[in-house]
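Asker: Residue numbers (my numbering), protein chains in the order written: chain A, 1 to 304; chain B, 1 to 277; chain C, 1 to 364.
Calculated directly from the structure, the hints in this document are not laboratory data. Please note that a few of the clues may not be correct.
As the list claims (entries may be wrong) - Straight-line alpha carbon distances no greater than 30 Å define the calculated DSSO-like cross-link-like pairs of lysine-lysine that follow:
| # | chain 1 | residue 1 | chain 2 | residue 2 |
| --- | --- | --- | --- | --- |
| 1 | B | Lys133 | A | Lys262 |
| 2 | B | Lys69 | A | Lys262 |
| 3 | B | Lys69 | B | Lys133 |
One-letter residues, chain by chain:
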Amino acid sequence: MADIVHTGRATPVAWQEAATTVRPLLLTLPAALGLLVFFVAPLAAFLVYSVLTAGLFSVTGPLTLSAYGRALGTELNGVLAANSALIGLLAATATTAFALPIAYWLRYAAGRWQLPVLFLITASMFASYLVRIYAWRTILGANGVINRGLESLGLVDEPLGFLLYNRFSVTIALVHIFLPYVVLVLFAGFRPLSPALLESAQDLGADAWQRWRRVIMPLIAAPAATSFLFVLILSASDYVTPQLIGGTSGLLLGVQIQANFKAVGDWPQGAAISFLMLAAFVACYGVTLLGLRLLRLDRIRWVS
Amino acid sequence: MGELMQGSLRSATAGAVTVLAVLFLVLPLAVVVLFSFHETASLSFPFTGFSLRWYESVFASAEFREATKNSLIVATAVSATTLVLGSLAAYGLSRSDSRVRDALALIFFLPITLPGLFLGLGLLVFFVGIDIKLSLATVAIAHFVYVLPYFLLIAKAALDRMDPAIEEAAADLGAGPWTVFFRVTVPQVWPVLAGATSLAFALSFDEFVITFFVIGPQSTLPLYIWSGLRRTIDPSINTISTLLMVVTLALFAIAFAFTLRTERRRDRAVPALQVPA
Amino acid sequence: MSDDQGRLIIDAVSHRYGRVAALRDITLAVEPGEFVTLLGPSGCGKTTLLRIVAGFVQPSAGRILLGARDVTRVPPHRRPVNTVFQRPALFPHLDVGENVAFGLRVSGVPESEIVRRVGDALALVRLDGYERRRSHELSGGQMQRVALARVLVGRPCVLLLDEPLSALDLAIRLEMEVELRRVHRETGATFVYVTHDQREALALSDRIVVFNQGRVEQVGTPQEIYHAPASPFAARFVGDANVIPVEVARASDGNTTIIVGGGRMPAPRGAGIASGPAWLVLRPEAIRLSPAGAGAAPGLLGSIEDCAFRGAGHAYRIALAGRQDVLKAEVAAAPGAQLPLGSTVTIHWDAAAGALLQREPEKQ
Numbered sequence: 001m002a003d004i005v006h007t008g009r010a011t012p013v014a015w016q017e018a019a020t021t022v023r024p025l026l027l028t029l030p031a032a033l034g035l036l037v038f039f040v041a042p043l044a045a046f047l048v049y050s051v052l053t054a055g056l057f058s059v060t061g062p063l064t065l066s067a068y069g070r071a072l073g074t075e076l077n078g079v080l081a082a083n084s085a086l087i088g089l090l091a092a093t094a095t096t097a098f099a100l101p102i103a104y105w106l107r108y109a110a111g112r113w114q115l116p117v118l119f120l121i122t123a124s125m126f127a128s129y130l131v132r133i134y135a136w137r138t139i140l141g142a143n144g145v146i147n148r149g150l151e152s153l154g155l156v157d158e159p160l161g162f163l164l165y166n167r168f169s170v171t172i173a174l175v176h177i178f179l180p181y182v183v184l185v186l187f188a189g190f191r192p193l194s195p196a197l198l199e200s201a202q203d204l205g206a207d208a209w210q211r212w213r214r215v216i217m218p219l220i221a222a223p224a225a226t227s228f229l230f231v232l233i234l235s236a237s238d239y240v241t242p243q244l245i246g247g248t249s250g251l252l253l254g255v256q257i258q259a260n261f262k263a264v265g266d267w268p269q270g271a272a273i274s275f276l277m278l279a280a281f282v283a284c285y286g287v288t289l290l291g292l293r294l295l296r297l298d299r300i301r302w303v304s
Numbered sequence: 001m002g003e004l005m006q007g008s009l010r011s012a013t014a015g016a017v018t019v020l021a022v023l024f025l026v027l028p029l030a031v032v033v034l035f036s037f038h039e040t041a042s043l044s045f046p047f048t049g050f051s052l053r054w055y056e057s058v059f060a061s062a063e064f065r066e067a068t069k070n071s072l073i074v075a076t077a078v079s080a081t082t083l084v085l086g087s088l089a090a091y092g093l094s095r096s097d098s099r100v101r102d103a104l105a106l107i108f109f110l111p112i113t114l115p116g117l118f119l120g121l122g123l124l125v126f127f128v129g130i131d132i133k134l135s136l137a138t139v140a141i142a143h144f145v146y147v148l149p150y151f152l153l154i155a156k157a158a159l160d161r162m163d164p165a166i167e168e169a170a171a172d173l174g175a176g177p178w179t180v181f182f183r184v185t186v187p188q189v190w191p192v193l194a195g196a197t198s199l200a201f202a203l204s205f206d207e208f209v210i211t212f213f214v215i216g217p218q219s220t221l222p223l224y225i226w227s228g229l230r231r232t233i234d235p236s237i238n239t240i241s242t243l244l245m246v247v248t249l250a251l252f253a254i255a256f257a258f259t260l261r262t263e264r265r266r267d268r269a270v271p272a273l274q275v276p277a
Numbered sequence: 001m002s003d004d005q006g007r008l009i010i011d012a013v014s015h016r017y018g019r020v021a022a023l024r025d026i027t028l029a030v031e032p033g034e035f036v037t038l039l040g041p042s043g044c045g046k047t048t049l050l051r052i053v054a055g056f057v058q059p060s061a062g063r064i065l066l067g068a069r070d071v072t073r074v075p076p077h078r079r080p081v082n083t084v085f086q087r088p089a090l091f092p093h094l095d096v097g098e099n100v101a102f103g104l105r106v107s108g109v110p111e112s113e114i115v116r117r118v119g120d121a122l123a124l125v126r127l128d129g130y131e132r133r134r135s136h137e138l139s140g141g142q143m144q145r146v147a148l149a150r151v152l153v154g155r156p157c158v159l160l161l162d163e164p165l166s167a168l169d170l171a172i173r174l175e176m177e178v179e180l181r182r183v184h185r186e187t188g189a190t191f192v193y194v195t196h197d198q199r200e201a202l203a204l205s206d207r208i209v210v211f212n213q214g215r216v217e218q219v220g221t222p223q224e225i226y227h228a229p230a231s232p233f234a235a236r237f238v239g240d241a242n243v244i245p246v247e248v249a250r251a252s253d254g255n256t257t258i259i260v261g262g263g264r265m266p267a268p269r270g271a272g273i274a275s276g277p278a279w280l281v282l283r284p285e286a287i288r289l290s291p292a293g294a295g296a297a298p299g300l301l302g303s304i305e306d307c308a309f310r311g312a313g314h315a316y317r318i319a320l321a322g323r324q325d326v327l328k329a330e331v332a333a334a335p336g337a338q339l340p341l342g343s344t345v346t347i348h349w350d351a352a353a354g355a356l357l358q359r360e361p362e363k364q
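Based on the sequences and whatever the hints tell you, model everything.
Answerer: Right, dumping it as structure tokens:
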């Protein structure tokens, strides 16, 4: 067999490597540019606005922190922040509490019903955001389904007024909006949790409660915590639901932010409130991640 | 799947919660649809009779037709752009593995984590700042940013799941990268891309929270509903809502069907790789 | 644990899934400290039986007794049996030590004792010092050993093993077989092992229960099953075997012979079948071959169809003259002794080496 002849020109390995890893990334360039220009830049600009001077529906030059002063100083903002926290926590808790058994059922007990039920739940997510809020207005109203039903059954003489235009109606609508999303996230979280794991635990002597506490909850903690937080912030920033069915007590920070831009015209304050809200959210998220990391629950490495 | 003994009680309870949840999610929407056919202008029970009068009046409304047309235009532009740019981006992300890719992926998926309010306000501020007039075009741009991450999520997942051996075999047989993409990859994943595009269309068609801030004097269908909610209190709103729901649900069902089809195809094609549960 | 607690009695257990009968009237008694293997092809019901014993499945009929206690209605977490599954199923959020300690923590064993027993269990499976490792850092064999330690730490009287080695590479499997035998000896627990691999069953077991389509075909020691299979199925499934239809007849000199392959051969001694149709069971290593021709030993005639080198010997496939039957033979290697393809050979075997089984006439 002939000896191998060296041509004296070897392809540099580094260049080859770059070609296979960097070249595909070039394909992402158009989309990335689009996002850079129309997402990153606007967001940055928006946050910068919080330190500019307010004009009427505009901003002007000098940098100032007065917007933050107004944001933190206005009593209404504080009230709304507290209200948003309350409603957000209620909505997030209710959503997660209901989504857990649903995701559990879908994963382990659904059998041939899994696909149809998944479809129904996801489909309701696509039945239009506005329409769902509107639907609750008709259901909870004085002449709505619930009140008419109770009246015809003779259980009440007058329609229940406390169902609509308050924190309760806003919370219910928010749960309706976010429940499918949390179910999907938790269902995805349950996917790698094979029945064999639960059977092992049972085989080793763990009863139902112990299995939940020692196996299921640790493994589902990360997805559950993340979706809880997301429902929280999405609720707090909702400006449609309060305006349609919130009345006076069911207002959220999102309304105030939106009002600053569309009605009041104090853009820097709106931006300041937004920044504070986002900062609070990032802080909560950071604390949660830290907690998960301390419990070694943040990045579970599943072995198939 | 084992028959965990007393678990049947627990499963039954969880099943009951699921049934209640599904009813909770679906019934309000059913009520909206029901009253769109109401004979009278009342939105409360008792339900007196069926009629198509509201459908007639809605379709006769020029504003409704205009708003629907605008929504269709925007959604079409958005889904077309997303399909092209998103497919390329998903392929690029999926077939590379550097740390740059991870940073890029972060930017791509960030919009999902942000509430629409901030996205809308950011763009409003941006457009005003560089003196672009608000119009359907600005709406389309906003929708593109909103929809792209969802498209990427689905497309990238499908591309990741694809067996790399197939593309390697094509390259081995002499196909260049673009040939591989169009003759091998796309035929494999086109149902997922179609489904994701359908989803993109639905998301754009129904979008309100961001559109509210970046739209000009025109109106889209969701905005038309919004203004209606502040004004009228009759079943015509139910009618428009029902029409909107039908469109988005149909699109979602299409997307669902396409995604299922890909899963089934994949499972059938590689039975040897299926590991017993 | 008292000696008796390791006794497992399966009493007339039957189980159906819908209209499909997975198990038909299985009765079996396993002595304390025995290593019993349930052997059979996929779908024969052996795993179902194991899950019934473990408590994950309620049998349609019958009882399970552990020691003297009827545990049929007792849920899995309260039965004194433990199971090692086909896949390790280690808890991904716990390290190795915590995985092994899981059952002890659930029962409320004090901390100091946990540390000691976990150390002992890991030493038993030769994974000393692995307490702080995470599951994803381990190889397949190591994960199964952790799974084994996890169940052994509770000192169960009865251990159920559901094809625990089937997901491992051959080399690791052979190593693990040695480990399993050692662990069984050192713990003295009763092992009920499920597998479809007959080689594994022969190597590991005190007794083998051969399953076929929900029924027990045969129960016996590995030697009994290998040398005296009770049915063609058992013969074919355990060890490679030739199972040939023959006719038993009396020869003119009064001895029993069998008519096979166009010739006559002496019947196996003590066959118990005086005349009529029968199956002849012949292990490949019992067959002797020599080139046909003058001076060859008496026997059947056949030609070599295929020859495969097996390291320790050759595996031949021989077509019997004038018949459709093919014999499989394993002949120990001798230098230069390979018989050429297509050549005619004489086939014979020790009369004692075969076994006869009943055969229904007209049904081949």
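Asker: Can the restraint linking Lys69/B and Lys262/A be considered satisfied, given a maximum Cα separation of 30 Å?
Answerer: The hint holds at about 26 Å.
Asker: Check whether the Cα positions of Lys133/B and Lys262/A lie no farther apart than 30 Å.
Answerer: Holds, because 16 Å separates the two Cα atoms, which is no more than 30 Å.
Asker: Between Lys69/B and Lys133/B, does the CA-CA distance stay at or below 30 Å?
Answerer: holds (20 Å)
Comparing the model with each earlier hint shows no violations; every hint is respected.
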